[in-house]
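Undergrad: Sequences listed follow chains A, R and H, in order.
Following my numbering, the numbering of the first sequence begins with 1 at its first residue and continues without gaps.
Following my numbering, the numbering of the second sequence begins with 329 at its first residue and continues without gaps.
Following my numbering, the numbering of the third sequence begins with 762 at its first residue and continues without gaps.
Hints were generated in silico from the structure; no laboratory data involved.
If you're wondering where the values come from, they're calculated on a predicted model, not measured in any experiment.
Keep in mind that a hint or two might mislead.
Claimed, not checked - In silico BS3-like links for lysine-lysine, alpha-carbon gap of 30 Å or less:
1) R:Lys-394 <-> A:Lys-43
2) R:Lys-496 <-> R:Lys-436
3) H:Lys-950 <-> A:Lys-44
4) H:Lys-828 <-> A:Lys-43
5) H:Lys-870 <-> A:Lys-313
6) A:Lys-242 <-> H:Lys-775
To be verified - Distance windows between CB atoms, simulated:
7) R:Pro-566 <-> H:Asp-865: 53 to 61 Å
8) A:Ile-73 <-> R:Val-399: 30 to 38 Å
9) H:Gln-824 <-> A:Asn-88: 22 to 30 Å
10) A:Ala-62 <-> R:Gly-465: 47 to 55 Å
11) R:Gly-465 <-> A:Met-52: 48 to 56 Å
12) A:Pro-103 <-> H:Gly-773: 55 to 63 Å
For each residue, glycine too, the CB sits at the ideal point set by N, CA and C.
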Amino acid sequence: MSHPATTVDPSGPGPGREAGTGVGPHDEAEGIAIARKRASDGKKAERRLGWMLCAPAVIVMAAVAGYPLVYAIWMSLNRADLRLPDDNQFIGFSNYVTILSSPIWWHAVWITLLITVVSVFFELVFGMLLALVMHRALVGRGLVRTVALIPYAIVTVVAAFSWRYAFEQGTGWLAGDSAPLTSQGSSLAIIILAEVWKTIPFMALLLMAGLALVPEDLLKAAAMDGASPWQRFWTITLPMLKPALLVALLFRTLDAFRIFDNIFVLTAGNNDTSSVSMITYNNLIGGLNLGIGSAMSVLIFVMVAIIAFLFIKLFGAAAPGSDSGGRK
Amino acid sequence: MAEIELDHVVKRYPDGALAVQDFNLTIADKEFIILVGPSGCGKSTTLNMVAGLEDITQGELRIDGKVMNTVAPKDRDIAMVFQSYALYPHMTVAENMGFPLRLAKVDKATIRQKVEEAAEMLELTQHLDRKPSNLSGGQRQRVAMGRAIVRSPKAFLMDEPLSNLDAKLRVQMRTQVSRIQKTLGTTTLYVTHDQTEAMTLGDRVVVMRAGIIQQVGAPQELYDAPKNIFVAGFIGSPSMNFLPAQINGGQVTTALGTVDLPDELRRAVESRGGGGEVIIGIRPEHFEIGRLKEGVPGGRFNATFDIVESMGSDIFAYFTLSGSGAKSKELEELAADTGQESLGGDGIQVGVRLDPEARVSDGSTAELWYDTSKLHIFDLKSGENLTHEVAKASSAASTVDGPGARNASAAAASAAVGDGGADTAGADPLRKD
Amino acid sequence: MTTLAELNSTPGKKAAWWVADIAVVIYALIPVIWTISLSLKTPGNINDGKYLPTGGMSFESYQAIFKDTVFTRALINSIGICLISTAIALLLGVFAAYAIARLDFPGKKLMIMMSLLVAMFPQIALITPLFKIETAIGIFDTWPGLIIPYVTFALPLAIYTLSAFFREIPWELEKAAKMDGATPFQAFKDVIAPLALPGVFTTAILVFISCWNDFLYALSLTSTSAARTVPAAMSYFTGATTYEVPVGPITAAAVVITIPVLVLVLLFQRRIVAGLTNGAVKG
């Protein structure tokens, strides 16, 4: 009702005007001035309150994530090896040169990308299946929705130990005669299995929320128009699911790219299974080479930023929370 | 109990847009005023300004003579019923209704007593301990009313309170709202976009368009004597038929033929300097089948009916006249508001209400008569009703006016708009008289 | 509303859905039961390679870890650090989320972008600077040393989830409260806060789970059992001899830290699902 677009025919007084006197040009300017002043007073108060309420969170995030990032960038330009504390000095981009010319680093990058792509792919497939079951199951829907949360609730390290002992010779019920955690291929497969198992529910929940937004009537209409279940999924559900799908993919891709816990517990990076986070950790905590470690951190940060940028720009994934809907 | 005055009230947004323009209205104590108009006409903005939820850009709002412009809503002693009801979901019905009293630090025993009284009046007694989510739409609406009633405020503001109910409940609740208001005698300002509610509820109706008051008056007066083409088209269902017309020396020519203009109307048009191109308006009930009006003066023509709807007590029949329809900004706006803009097609659609004796059917042709003394003649440019004074005089002659006569006039309006009979007494559990 | 699937419901289809349900149950429970099974096996049959502890059960491993101060200390650390972090993140998150959901102010987009950035931040990138800074100001290997990064990385989650919940509160209620005679504070206390509470509670669970799950910071920003949480402590468990992997105690510890979260999740399943999905999709 109170839509600001409500305007009055400027061509003159409307038909049947009750009031004899109109609003003259002088009053009009004054009215606009009053309205503007009130609005700007209100806006100012609102702005001040908004800033005040956000300030604590912003300060914490800036101090704990922003400042250290700057610090890390600075350190990455220095020789900073805790084993040689007297040899600290500014060395420009040497650390980056060292890293980028190291086959170990590139190997870790490829391993990380491999784990990311493969695990996100399986998460998507199984997550979609789980989402469909959770959304559509005729029987036991509550049971499925509850049980599916279990992997989400379990600490990654705990699940990783479970998989490790399952595949370790001696304890393992899945180990058989071989020792799958001692060769690269099977180790990677197990790492991916652990990662996928833990994160299917998260993927499924996001997709299920998207499924809930697909109007049931649309599917009924399509069924009446003769679309098979498969056609309905491809031509109606999937396109309408796209926003939810992209958000889920973005979150999971970035998360998978940072994989650390599972590798640490399952192989500790042995058999050439180190991810970029893993070798960075080893350089920092194991090797105490803060310069190299920091440079690696910065490189990971850049890669993550590139992935996010690609998702948002290329696929049009909406950054969640970026609208201001729901106000009023 | 209070008198509410809006004195040259203006609502202007910072971007310069005017939502309400020079609004003048004095609402008498105990009066039931309806603000009606299409979406975006400024009626809700006006209500919110009275409530204090939106500020007044210019002009003055007085309640019982005291200027209220800058008084906080909570200190205005006004209760409001929202379209969405705005019930507090975490409180029971009793807690919802008692909330305003609790805030006013009324003691518990009194709160309970007042809540119980209101609950009884609204037939909510057995639901007092339930949460709003467990109530039906009609019950929620009554709780919202109850919350307004318990504190005995100076005035009620109602923002389309019935629009979320289904058609049948709406009719029931309409009667109930009217009864409650009459019992309590609380000054009420009621916003709606539904002209039927406007016609049946109010002592006076304020029709708004684009932020400007078009006409203020008793429902029957608005129906009989609309001031302009907008009010004429907005009030009444089925709505008035509009035809382009040519006035030439006492005769009016339309797609229905050329007829003599009754003297009164001719004088009215001439005194306003009208003539030439005009738009005439005829209400559906001012048509009748020719043979039932043998010898009665009026216009006559032959029509072939496209659709005939027999309602039992009436027959609604529709036919199409060749030629192009009346063109007016106001009419286009009305059509857009009711979503009928695309339905025009070629020709002029005319709807008539006939006596059941007419015995017409789809596709049949019959001679129709229309009452030329009930014609409304609108200026083509300004849309003003040139025959307003004549219509007003004849309306006043046939109706006893004034707030006390609301029931009579509401009943007449209800019958006139063709949904009478739906809101029968049996539907209203509160009827005590 | 009847769904399309329900319209086509036949006994055969029902059976098919049961099969799907069972597949989900198996998927979710296999590693869980396996871990419990390992924790209950006796030292003698822990290496039998059987899925279930058919060779005999004992609570020896549980008794062992609760006797060991390394574990009990870690458990206290985990609970204390995660609870405090959750409380702080919620407090800050409620303020910011309210502002984002309700107010219009310049910099709001920036604020959203910033929390998104932090949510996507590679945690590993902060290890070194945090290590250096915490050592410098003397909070390395202390509770605050972990609470600070936990709060930071829980904030985006808290802000998103809470602002989604806040948006669901019909603000017309606030207007209604005003008309009913409430001051702004009363409107907040009597109307908005009670309605926001379930959302805050759900967010608390999600934030707690995310802190509880952390491993990297617990591993890198501690050096003794003073602040080491259970996930990190587990990887430092040692057996009687260096060569003996303490499978029993590790799995027992795993079960112990899993139970509280599992109970929370199962009890509040509906709310958690709502919380996880609201923020991300409706945004």
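Undergrad: Now, for every hint given, state plainly whether the structure supports it.
TA: Hint check results:
no.	hint	result
1	R:Lys-394 <-> A:Lys-43	29 Å, holds
2	R:Lys-496 <-> R:Lys-436	37 Å, violated
3	H:Lys-950 <-> A:Lys-44	24 Å, holds
4	H:Lys-828 <-> A:Lys-43	61 Å, violated
5	H:Lys-870 <-> A:Lys-313	17 Å, holds
6	A:Lys-242 <-> H:Lys-775	29 Å, holds
7	R:Pro-566 <-> H:Asp-865: 53 to 61 Å	45 Å, violated
8	A:Ile-73 <-> R:Val-399: 30 to 38 Å	57 Å, violated
9	H:Gln-824 <-> A:Asn-88: 22 to 30 Å	50 Å, violated
10	A:Ala-62 <-> R:Gly-465: 47 to 55 Å	49 Å, holds
11	R:Gly-465 <-> A:Met-52: 48 to 56 Å	40 Å, violated
12	A:Pro-103 <-> H:Gly-773: 55 to 63 Å	57 Å, holds
This entry does not satisfy hints 2, 4, 7, 8, 9 and 11, going by the numbered hints stated previously.
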